[in-house]
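K.L.:
This is what each chain is made of:
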Amino acid sequence: GDSVTQMEGPVTLSEEAFLTINCTYTATGYPSLFWYVQYPGEGLQLLLKATKADDKGSNKGFEATYRKETTSFHLEKGSVQVSDSAVYFCALSYSGGSNYKLTFGKGTLLTVNP
Amino acid sequence: GAVVSQHPSWVICKSGTSVKIECRSLDFQATTMFWYRQFPKQSLMLMATSNEGSKATYEQGVEKDKFLINHASLTLSTLTVTSAHPEDSSFYICSARDITSGSSYNEQFFGPGTRLTVL
Numbered sequence: 001g002d003s004v005t006q007m008e009g010p011v012t013l014s015e016e017a018f019l020t021i022n023c024t025y026t027a028t029g030y031p032s033l034f035w036y037v038q039y040p041g042e043g044l045q046l047l048l049k050a051t052k053a054d055d056k057g058s059n060k061g062f063e064a065t066y067r068k069e070t071t072s073f074h075l076e077k078g079s080v081q082v083s084d085s086a087v088y089f090c091a092l093s094y095s096g097g098s099n100y101k102l103t104f105g106k107g108t109l110l111t112v113n114p
Numbered sequence: 001g002a003v004v005s006q007h008p009s010w011v012i013c014k015s016g017t018s019v020k021i022e023c024r025s026l027d028f029q030a031t032t033m034f035w036y037r038q039f040p041k042q043s044l045m046l047m048a049t050s051n052e053g054s055k056a057t058y059e060q061g062v063e064k065d066k067f068l069i070n071h072a073s074l075t076l077s078t079l080t081v082t083s084a085h086p087e088d089s090s091f092y093i094c095s096a097r098d099i100t101s102g103s104s105y106n107e108q109f110f111g112p113g114t115r116l117t118v119l
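Protein sequence lines, in the order shown, are assigned to chains A and B. Sequence positions in the first sequence follow this note's numbering and run 1 to 114. Sequence positions in the second sequence follow this note's numbering and run 1 to 119.
Just so you know, these hints were derived from the structure itself, not from any lab. The beta-carbon is built from N, C-alpha and C at its ideal position, and this holds for glycine as well. Check each hint, because a few of them may be wrong.
What the hints assert, rightly or not - Below, in silico cross-link-like pairs of lysine-lysine (BS3-like), each with a Cα-Cα straight-line distance of 30 Å or less:
1) A/K106 <-> A/K68
2) B/K55 <-> B/K20
3) B/K66 <-> A/K56
4) B/K64 <-> A/K60
5) A/K101 <-> B/K66
6) A/K101 <-> A/K77
7) B/K64 <-> B/K14
8) B/K14 <-> A/K56
9) B/K14 <-> B/K41
10) A/K106 <-> B/K41
11) B/K41 <-> A/K60
12) A/K101 <-> B/K41
13) A/K106 <-> B/K66
14) A/K52 <-> A/K77
15) A/K77 <-> B/K41
16) A/K60 <-> A/K106
17) A/K101 <-> B/K55
18) B/K41 <-> B/K66
19) A/K68 <-> B/K41
20) B/K14 <-> B/K55
21) A/K106 <-> A/K56
Unchecked claim - Here are some chain B residues the structure puts well away from chain A; computed CB gaps all over 10 Å:
22) Q29
23) T32
24) T75
25) R97
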């Protein structure tokens, strides 16, 4: 079956540090890939997405590239801010499926200190 | 943007009672809504897929008689935890898919979650 594996947290960084959160996936087909963010006390929000190989999703300074050859979708940001402190989830889903179910990784807690 | 609400945001109940959680899409129509359960420091586990006007599809291992799902309209789905026990204590999250977006990438919009504590 499909699965998503992301690096275990927690990750603690200083402000303006470089961020990488690794995500790899196992899929039977050709899924779309997502990063969701969950701020404390809030629901999940879509951060960025990529629908096919070599696509790069980007939003709010975050980037991730869909790498089919390495089945990866690593999240990066060049300079994190305190406000980026949250839990980040990598996920996959299939376009055109009857249910569009999302399969999530376990989440990575990021804490950014001033 | 698309907004999904959940009510209540938190609930405490006694063991053996039933609790209903509502999930509403506020500014869009959703033929499909999803119910997840999130344990502390763990990922979201999909419980069931709710389609408007039809029976919900439950994931393997989820008791459909315990977690009753009703999706009566394009903007409302409810999850009822029947005869709740302490092990049902968890964070329940719903999401909804906007049918009008024409999106091919299946974006789901998530509610803020409901914290259930069963004493």
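K.L.:
With reference to the structure, classify each hint as holding or not holding.
P.N.:
Status of each hint after checking the structure:
no.	hint	verdict
1	A/K106 <-> A/K68	holds, 21 Å
2	B/K55 <-> B/K20	holds, 17 Å
3	B/K66 <-> A/K56	violated, 42 Å
4	B/K64 <-> A/K60	violated, 40 Å
5	A/K101 <-> B/K66	holds, 22 Å
6	A/K101 <-> A/K77	holds, 27 Å
7	B/K64 <-> B/K14	holds, 21 Å
8	B/K14 <-> A/K56	violated, 48 Å
9	B/K14 <-> B/K41	holds, 25 Å
10	A/K106 <-> B/K41	holds, 8 Å
11	B/K41 <-> A/K60	holds, 25 Å
12	A/K101 <-> B/K41	holds, 21 Å
13	A/K106 <-> B/K66	holds, 25 Å
14	A/K52 <-> A/K77	holds, 21 Å
15	A/K77 <-> B/K41	holds, 23 Å
16	A/K60 <-> A/K106	holds, 22 Å
17	A/K101 <-> B/K55	holds, 16 Å
18	B/K41 <-> B/K66	holds, 24 Å
19	A/K68 <-> B/K41	holds, 29 Å
20	B/K14 <-> B/K55	holds, 28 Å
21	A/K106 <-> A/K56	holds, 22 Å
22	Q29	holds, 15 Å
23	T32	violated, 7 Å
24	T75	holds, 17 Å
25	R97	violated, 6 Å
Hint violations for this structure: numbers 3, 4, 8, 23 and 25, all remaining hints satisfied.
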